[in-house]
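Let's have the full structure, built from the sequences with the hints guiding it.
Number of protein chains: 2
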Amino acid sequence: MQDFLKDPSIFIGVQGKNIISFGSGQPDLAPPEQVFKILPEYRQFKYGLIQGQKNLRQALSKQYAGSNADNFVITNGASEALDLILRAIGKPGDKVLLHKPYYYSYPPLVEKNYLEPDYTEKIEGKIDIEDFEKKVKDCKIVIINSPSNPTGRIQEISTLKQIEKICKDLNITIISDEVYKDLIYERENYMMQGNHVVTINSFSKTFAMCGFRVGYLYSNDQSIVEKVIGLKTHTSMNTSIIAQEMAFEATKAPVEYQKKQLKIWKQRRDLIYNGLLELELELWKPEGAFYVLPKFPNPRKAVPELFKKHKVITYLGDWFGAPERIRLSYALEQEKIEEGLKRISAYLKNQP
Amino acid sequence: MQDFLKDPSIFIGVQGKNIISFGSGQPDLAPPEQVFKILPEYRQFKYGLIQGQKNLRQALSKQYAGSNADNFVITNGASEALDLILRAIGKPGDKVLLHKPYYYSYPPLVEKNYLEPDYTEKIEGKIDIEDFEKKVKDCKIVIINSPSNPTGRIQEISTLKQIEKICKDLNITIISDEVYKDLIYERENYMMQGNHVVTINSFSKTFAMCGFRVGYLYSNDQSIVEKVIGLKTHTSMNTSIIAQEMAFEATKAPVEYQKKQLKIWKQRRDLIYNGLLELELELWKPEGAFYVLPKFPNPRKAVPELFKKHKVITYLGDWFGAPERIRLSYALEQEKIEEGLKRISAYLKNQP
Chain A
1 MQDFLKDPSI FIGVQGKNII SFGSGQPDLA PPEQVFKILP EYRQFKYGLI
51 QGQKNLRQAL SKQYAGSNAD NFVITNGASE ALDLILRAIG KPGDKVLLHK
101 PYYYSYPPLV EKNYLEPDYT EKIEGKIDIE DFEKKVKDCK IVIINSPSNP
151 TGRIQEISTL KQIEKICKDL NITIISDEVY KDLIYERENY MMQGNHVVTI
201 NSFSKTFAMC GFRVGYLYSN DQSIVEKVIG LKTHTSMNTS IIAQEMAFEA
251 TKAPVEYQKK QLKIWKQRRD LIYNGLLELE LELWKPEGAF YVLPKFPNPR
301 KAVPELFKKH KVITYLGDWF GAPERIRLSY ALEQEKIEEG LKRISAYLKN
351 QP
Chain B
1 MQDFLKDPSI FIGVQGKNII SFGSGQPDLA PPEQVFKILP EYRQFKYGLI
51 QGQKNLRQAL SKQYAGSNAD NFVITNGASE ALDLILRAIG KPGDKVLLHK
101 PYYYSYPPLV EKNYLEPDYT EKIEGKIDIE DFEKKVKDCK IVIINSPSNP
151 TGRIQEISTL KQIEKICKDL NITIISDEVY KDLIYERENY MMQGNHVVTI
201 NSFSKTFAMC GFRVGYLYSN DQSIVEKVIG LKTHTSMNTS IIAQEMAFEA
251 TKAPVEYQKK QLKIWKQRRD LIYNGLLELE LELWKPEGAF YVLPKFPNPR
301 KAVPELFKKH KVITYLGDWF GAPERIRLSY ALEQEKIEEG LKRISAYLKN
351 QP
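These protein sequence lines map, in sequence, to chains A and B.
If you read the first sequence in the working numbering, its first letter stands for residue 1, the second for the next number, and so on.
If you read the second sequence in the working numbering, its first letter stands for residue 1, the second for the next number, and so on.
One thing to keep in mind: the hints can contain errors.
One copy or two, it doesn't matter: identical chains are merged, so the pair holds either way.
[Claimed, not checked] Once the Cα atoms are required to be at most 25 Å apart in a straight line, the calculated PhoX-like pairs of lysine-lysine come out as:
| # | residue 1 | residue 2 |
| --- | --- | --- |
| 1 | 46 | 311 |
| 2 | 95 | 37 |
| 3 | 112 | 227 |
| 4 | 112 | 140 |
| 5 | 91 | 227 |
| 6 | 46 | 259 |
| 7 | 308 | 54 |
| 8 | 54 | 17 |
| 9 | 161 | 134 |
| 10 | 161 | 100 |
Calculated directly from the structure, the hints in this document are not laboratory data.
Structure (structure tokens):
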């Protein structure tokens, strides 16, 4: 059972009959159709620019006011963007502030780059700006993730603006991981801004393109962009050209695609949120992304048993800095969510 | 002009009318046709296994005697495989032995991972085993690259076996970068062997698939494989699923594909080798890969001028630890090689 407590890697890519996976954070809904339409004629095979295909960067620059194609680097998913930026700007021993609960890759990425994680605890999934201000003083870098994986919570616009200002005054770089920016149920996304902000994004969530691995980073500080390109030249070279071309097609998808998806996500959010409330679990209402992070009795026993006995994949809250909780992704069909909730209910009823 | 002296990144992906590029090391010949045949029906989009698609790893295991699918990790090109393995097994301050001239990414990859490069000078492109043995004693890791980029030279089988033994006795890990293993004009490849050997390979050169970024590492030591997967889980997740599927198709390409390519490479090798000899340049005869590394008058003046005045891209030998030389890739059509040689001849005639 130990393996199921180590990290999520054992569950990633696992599929099987009768398994209900609340695990991996990937949309089950298909990407926009035009993403595949270019494939029959595709015949490129040579290296692309390390920075990324120009057509894709130009399309992105239209989405970010005041940017141009030179401000972007296309990466192997947001994961590589995060790794590259930490590697490019961090110096060994630099402190990086994370808000807890956090995306499970943040602490290992910080540590693999010989940086030191520091933590600020959120209150009901919202950043406590007083604690933030106290902790951030010793830090060189801050990672902000709104909407958040694993909480599904968004940060107030006023909080985000305060963070912008505090970090600007202290000369701290903000890495703003906005991969769920298009999946917010409550309001429009507020994009963190300034020369000290590096925005991370991806085609994985908005366009259901997880497997293709196309993400990017955006910075108005060209010296940061150059450092990242210099690093990527050696660590992986260009991002897969065919995946980039598919991502470029995705940028042309009609707005209806996203609207339709958001509607489905919201229905599922309501379904799982209410379902878990009925099971008398304590949880925060998700405002974006597609995760819930309820408190759960004995998660280290529950996560392996839910999988072994009930074929339900859930993730240990401990991986996200929330040891009393489990994370459920609701990126699956309504019937499966209902079936999964039934199984969780059955599991809970059998507990002493 | 300074930019042309910094590193090759400025040239990567640069194409243009009337430019003759002896720069980037990528085949101009097309990949096997079946690589593209799967595209019209392709509809996958979800995360794949971090370790890589099972069908691809199984196909690879058939190429490596005594291996199984679990011994492989599929990566974003050989570049990521190199970075991951150095990152996974190196500890800050560990020395890594490189043979000079070296592939230009080795020293930065070593340094970005807080390891220390050490160097053994080759004699006419061949490892000097006495110097190697002396230097290796202080090292934890050795990178061997045969056939070599940038020299095109291969190491003698007896040398490779000596290195295997020396490193085994001293408990040193060998990273054997064999990305040009299928492009040898003189003999079959000798694959370095043992539990202390990590083999790096790629679909980029053998199957002309540079842009798709599919490489891999192979190790019989499962603890090394696990460490690499653990790292990749956070730094980039799975390698692009569509690129992996194309690579899987490439493993089914008929042997004639490779034979035909090798014949063309050899013709080009002879053409450029003899052409450069006629220009009275001093060089080593390439035995594999598709590079020559001639001595050249004043390379720091020549490389920018060849590009600016003659539209000929060459790489500075300095990037490869060979400051008196320039590197020419002969991965281009015969007529272009001939035209390029003419322009280089014209350049040389105009020198004082």
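Copy assignment of residue 112 with residue 227, given that the CA separation must stay at most 25 Å: both (18 Å within a copy, 12 Å between copies)
Copy assignment of residue 308 with residue 54, given that the CA separation must stay at most 25 Å: Between copies, since 23 Å is at most 25 Å while 47 Å is not.
Homomeric proximity label, residue 46 with residue 259: Cα distance no greater than 25 Å: between (36 Å within a copy, 21 Å between copies)
Residue 54 and residue 17: within-copy, between-copy, both or neither at 25 Å Cα: Close across copies (18 Å), not inside one copy (42 Å); limit 25 Å.
Alpha-carbon proximity between residue 46 and residue 311, which holds within one copy, between copies, both or neither at 25 Å: between (44 Å within a copy, 20 Å between copies)
25 Å Cα threshold - placement of residue 134 relative to residue 161: Result: close within a single copy only, 17 Å intra versus 59 Å inter.
Intra- versus inter-copy proximity for residue 37 and residue 95 (alpha-carbon distance at most 25 Å): neither (45 Å within a copy, 49 Å between copies)
Same-copy or cross-copy closeness of residue 161 to residue 100 [CA-CA at most 25 Å]: within (19 Å within a copy, 52 Å between copies)
Homomeric proximity label, residue 91 with residue 227: Cα distance no greater than 25 Å: Result: close both inside a copy and across copies, 13 Å intra and 23 Å inter.
Residue 112 and residue 140: within-copy, between-copy, both or neither at 25 Å Cα: both (16 Å within a copy, 19 Å between copies)
In this structure, the one hint that does not hold is number 2.
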